[in-house]
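Those protein sequence lines, which keep their order, are chains A and B.
Sequential numbering of the first sequence, starting at 1, is according to the working numbering.
Sequential numbering of the second sequence, starting at 492, is according to the working numbering.
Hints are supplied without guarantee of correctness; some may be wrong.
[Claimed, not checked] Below, in silico cross-link-like pairs of lysine-lysine (DSS-like), each with a Cα-Cα straight-line distance of 25 Å or less:
1) 105(A) / 687(B)
2) 186(A) / 526(B)
3) 683(B) / 340(A)
4) 186(A) / 4(A)
5) 462(A) / 683(B)
6) 687(B) / 74(A)
7) 128(A) / 11(A)
8) 387(A) / 420(A)
9) 214(A) / 614(B)
10) 74(A) / 214(A)
11) 74(A) / 544(B)
12) 345(A) / 614(B)
13) 553(B) / 11(A)
Calculated directly from the structure, the hints in this document are not laboratory data.
All values derive from a computational prediction rather than experimental measurement.
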Amino acid sequence: MNPKPQTLFEKIWDAHVVFARHHADSEGTSDLTKRDDVRKQNEGAPAILYIDLQLVHEVTSPQAFTEIRQRGLKVRRPDRTVATVDHSIPTYDRSLPIQDALAAKQLDIMYENARDFGIRIYDRNHDKQGIVHVIGPELGLTQPGMTIVCGDSHTSTHGAFGTLAFGIGTSEVAMVLATQTLLQRKPKTMNVKVDGALGQGVTAKDIILALIAKIGVDGGTGHAVEYSGSAIRAQMMEGRMTICNMSIEGGARAGMIAPDDVTFSYIAEREFAPKDAEWDAAVARWKQLPTDEGAPYDAVVELDANALEPMITYGNNPGMGIPITARVPDPDALGDHHQKAALRKALQYMDLQPGKSLLGHPVNVVFIGSCTNSRIGDLRLAANMMKGKRVAENVRVMVVPGSQQVKRQAEQEGLDKIFKEAGAEWREAGCSACISMNGDEVPAGGYCVSTSNRNFEGRQGKGARTMLASPITAAATAINGVVTDPRTVLS
Amino acid sequence: MESIKSFTGKTVALPHTDVDTDQIIPARYLKVTDKKGLGEVVFYDWRYDADGKPKDDFVLNKPAAQGATILVAGHNFGCGSSREHAPWALTGFGFQAIVSTQFADIFRNNSLKNGLLPIVVDKATHEQLLDLAAEDPDLQLSVDLETQTLTLPDGRKVEFPIDSFSKECLLNGVDELGYLLRQTDAIEQYEKANNK
Numbered sequence: 001m002n003p004k005p006q007t008l009f010e011k012i013w014d015a016h017v018v019f020a021r022h023h024a025d026s027e028g029t030s031d032l033t034k035r036d037d038v039r040k041q042n043e044g045a046p047a048i049l050y051i052d053l054q055l056v057h058e059v060t061s062p063q064a065f066t067e068i069r070q071r072g073l074k075v076r077r078p079d080r081t082v083a084t085v086d087h088s089i090p091t092y093d094r095s096l097p098i099q100d101a102l103a104a105k106q107l108d109i110m111y112e113n114a115r116d117f118g119i120r121i122y123d124r125n126h127d128k129q130g131i132v133h134v135i136g137p138e139l140g141l142t143q144p145g146m147t148i149v150c151g152d153s154h155t156s157t158h159g160a161f162g163t164l165a166f167g168i169g170t171s172e173v174a175m176v177l178a179t180q181t182l183l184q185r186k187p188k189t190m191n192v193k194v195d196g197a198l199g200q201g202v203t204a205k206d207i208i209l210a211l212i213a214k215i216g217v218d219g220g221t222g223h224a225v226e227y228s229g230s231a232i233r234a235q236m237m238e239g240r241m242t243i244c245n246m247s248i249e250g251g252a253r254a255g256m257i258a259p260d261d262v263t264f265s266y267i268a269e270r271e272f273a274p275k276d277a278e279w280d281a282a283v284a285r286w287k288q289l290p291t292d293e294g295a296p297y298d299a300v301v302e303l304d305a306n307a308l309e310p311m312i313t314y315g316n317n318p319g320m321g322i323p324i325t326a327r328v329p330d331p332d333a334l335g336d337h338h339q340k341a342a343l344r345k346a347l348q349y350m351d352l353q354p355g356k357s358l359l360g361h362p363v364n365v366v367f368i369g370s371c372t373n374s375r376i377g378d379l380r381l382a383a384n385m386m387k388g389k390r391v392a393e394n395v396r397v398m399v400v401p402g403s404q405q406v407k408r409q410a411e412q413e414g415l416d417k418i419f420k421e422a423g424a425e426w427r428e429a430g431c432s433a434c435i436s437m438n439g440d441e442v443p444a445g446g447y448c449v450s451t452s453n454r455n456f457e458g459r460q461g462k463g464a465r466t467m468l469a470s471p472i473t474a475a476a477t478a479i480n481g482v483v484t485d486p487r488t489v490l491s
Numbered sequence: 492m493e494s495i496k497s498f499t500g501k502t503v504a505l506p507h508t509d510v511d512t513d514q515i516i517p518a519r520y521l522k523v524t525d526k527k528g529l530g531e532v533v534f535y536d537w538r539y540d541a542d543g544k545p546k547d548d549f550v551l552n553k554p555a556a557q558g559a560t561i562l563v564a565g566h567n568f569g570c571g572s573s574r575e576h577a578p579w580a581l582t583g584f585g586f587q588a589i590v591s592t593q594f595a596d597i598f599r600n601n602s603l604k605n606g607l608l609p610i611v612v613d614k615a616t617h618e619q620l621l622d623l624a625a626e627d628p629d630l631q632l633s634v635d636l637e638t639q640t641l642t643l644p645d646g647r648k649v650e651f652p653i654d655s656f657s658k659e660c661l662l663n664g665v666d667e668l669g670y671l672l673r674q675t676d677a678i679e680q681y682e683k684a685n686n687k
């Protein structure tokens, strides 16, 4: 009998601590640990945490590999390291050369590092290339109970599988490459309970946008979030990944959902999933992971799924979101002068008026893609909305699948035809206009309804004005050319 | 990593709340493959106009800001992306410490690994510092990491928290990767015991 009920997070954390109290070593750093006992301590000493899988991409890894080379080190576990290229690659025809010399150089360095250190890489021409947080799960690399890191804040996506997954900086990328471990302070836990049933036209994206609007972009700071409740259970893996993906936008490095039959059936038979007897043993192990009854969390937040509407953002952080039928808030109604100033600055950048509805606001670009919403389930939702229709004139609609495998699956289902016949662009896999490093961008001053995760100033191009929404809302907006409540098109 | 002990430095304020790392360094500057020169592009889109000319009214472009080593920033500074290019750009400009009421987790971790000290102060002190910086373009603050204190021009000392491990690393310029490499035996034992 387990004497102390534990959360999903605690079970995974405990299983990966190499050691928490650092013992003295021979190199004269023993004071690092001894002093913990005698000196004023503001926080506990970090644990040495074992990392089961590191995912690597071209943008945040070059300086880490340089560090490894300069120190004459090897990658400790190339078998626990997987690389892809996604951020800076163009999404035009793969047979064409890359025009951006800096991007081309960065990709070449990624290929060279992967080759020199024996790391498996899904390069630009690989038929399984894609966004790092799309291909990890798709290849069956992401499995319950693991610790996964990547030099990318949206690594929280993988938590949808009952995984402890979080973004790290480049110095930490080097640490994991060299030692397969990280020095980590144990975060607090937060339970986000979402009970009830979503209405028509309301999706996983709307759950997470509503949560961030509620807790703010700093609400989850210092916490690992576990999402639970009937509305979370009812989501397929795509929706669960969308929710965990944007945990970081609420300040939480990790978002997690307990694994269940939906999780197991998604993983089963995938390329790197355990097979046969190993599969049975793995599932038996994974079934032990969900939070024990009565295990306490440091914080609990509740959200009523029945009351949710399609969400859209009006400002320059993902917490500046409203139900699509609501009005843009008024800075004068806010008490805190910093919040007031932030909202004023955002409305000025976005050129929006307080007290007005966003419905009917013209848009220039619609972007359907990113590690938040570029999986087959997302594309099906958008295609269903666009089937037999045309996108509005003067609106550029980019549909960017999250991976080559998603692209092929969509083409087998005829989704590409629906998009192309509607007048949308059907592009190659990558991060694309979510981070706009690759030439896919929104013109200065232009409005974009985007299924991505960040509406920061300039995120989709200098001067671009981003409104975050779900794939259904984005597709409905593409058709009308103005911000549209998807429920009015569905019915 | 360079060690930090105590220093007195010119202080500037950027009071905006929730400043994300895309503002600190826009994504188009992430195609670099080394860490150098990013001080030139820190806050690029706030600092330069469409023609690449410096905006006179932006704080870092003011003559008094040249040589600044301390930045008083708004609440939740460094939210968003995990790019370590953000602290590389800030230290490239010359900053050694940032003062706020809260930092985003990944930014805080990245800063500590680059000799950039994140100093958390209470709301009242924060407001006072923002006011002081607004009134006095030549404001100077003193930081002492050993005693974990920030000293204001009136002599008031404010204690700030930092975990003992990070403090020792900063004080002694301890290299965390080197530290982890010395734990190889324990890591091997863990891998064997857990069939990794």
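Here's how the hints hold up against the structure:
1. A distance of roughly 35 Å separates the Cα atoms of residue 105(A) and residue 687(B); the hinted pair therefore is violated under the 25 Å criterion.
2. Using a Cα cut-off of 25 Å, the hinted pair residue 186(A) and residue 526(B) is violated, with the two alpha carbons roughly 29 Å apart.
3. A hinted pair counts as satisfied when its Cα atoms are at most 25 Å apart, and residue 683(B) with residue 340(A) does not qualify at roughly 55 Å.
4. The straight-line distance between the Cα atoms of residue 186(A) and residue 4(A) is roughly 18 Å, inside the 25 Å bound, and the hint therefore holds.
5. As the CA atoms of residue 462(A) and residue 683(B) are separated by approximately 51 Å, the hinted pair breaks the 25 Å bound.
6. Under the criterion of a C-alpha separation no larger than 25 Å, the hint pairing residue 687(B) with residue 74(A) is consistent with the structure, at around 18 Å.
7. For the suggested pair residue 128(A) and residue 11(A), the alpha carbons sit about 32 Å apart, so the restraint of at most 25 Å is broken.
8. Restraint check: the Cα-Cα separation between residue 387(A) and residue 420(A) comes to about 10 Å, which is no more than 25 Å; the hinted pair holds.
9. This hinted pair checks out: residue 214(A) and residue 614(B) have alpha carbons roughly 22 Å apart, not beyond 25 Å.
10. Proposed proximity of residue 74(A) and residue 214(A) is contradicted: the alpha carbons are some 45 Å apart, above 25 Å.
11. Taking the CA atoms of residue 74(A) and residue 544(B), the gap is about 44 Å. The hint is violated against a cut of 25 Å.
12. Of the pairs offered as hints, the one joining residue 345(A) and residue 614(B) holds, with about 21 Å between alpha carbons and a cut-off of 25 Å not exceeded.
13. A distance of roughly 52 Å separates the Cα atoms of residue 553(B) and residue 11(A); the hinted pair therefore is violated under the 25 Å criterion.
Figure legend: structure checked against the earlier numbered hints; hints not met, in rising order: 1, 2, 3, 5, 7, 10, 11, 13.
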